[in-house]
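> Sequence:
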Amino acid sequence: MDRTQLLGWQLNDIIDKRDKEIERLRETLELYALKRNYYNVTTDIVHKCGVVEWDMGKRAQQVLKGKRDG
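Quick note: the sequence shown uses our numbering, first residue 17, plus one each step.
None of these hints come from the bench; they were simulated from the model. C-beta atoms are modelled at their ideal positions from N, C-alpha and C, and glycine is treated no differently. It is possible that part of the hints are untrue.
Label pairs and their in silico Cβ distance ranges [claimed, not checked]:
1. 18 x 48: 39 to 49 Å
2. 18 x 47: 43 to 53 Å
3. 27 x 48: 41 to 51 Å
4. 48 x 19: 20 to 30 Å
When you get a sec, could you build the whole thing from the sequences and use the hints?
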């Protein structure tokens, strides 16, 4: 195994860990929004965390819309 291969594997490992952490944060934000029944809170938190492009899941949108409308 050469140095380039080792660095490539380490980089992939770092990227995988980062992706898992981002997904965990998204789930946390979605749950927070559902509990607070406040749609825009996710956008505020996401921008503060530096995750600019984040779309709330369809399920969360439907639940929040249902609570807001009726």
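> If a hint holds in the structure, say so; if it does not, say that too.
Evaluation of the provided hints:
Between residue 18 and residue 48, the C-beta spacing of about 46 Å keeps the proposed range 39 to 49 Å intact. A hinted range of 43 to 53 Å for the beta carbons of residue 18 and residue 47 is consistent with their spacing of about 44 Å. Taking the beta carbon of each, residue 27 and residue 48 are about 32 Å apart, not inside 41 to 51 Å as hinted. Under the hint 20 to 30 Å, the C-beta atoms of residue 48 and residue 19, about 43 Å apart, miss the expected range.
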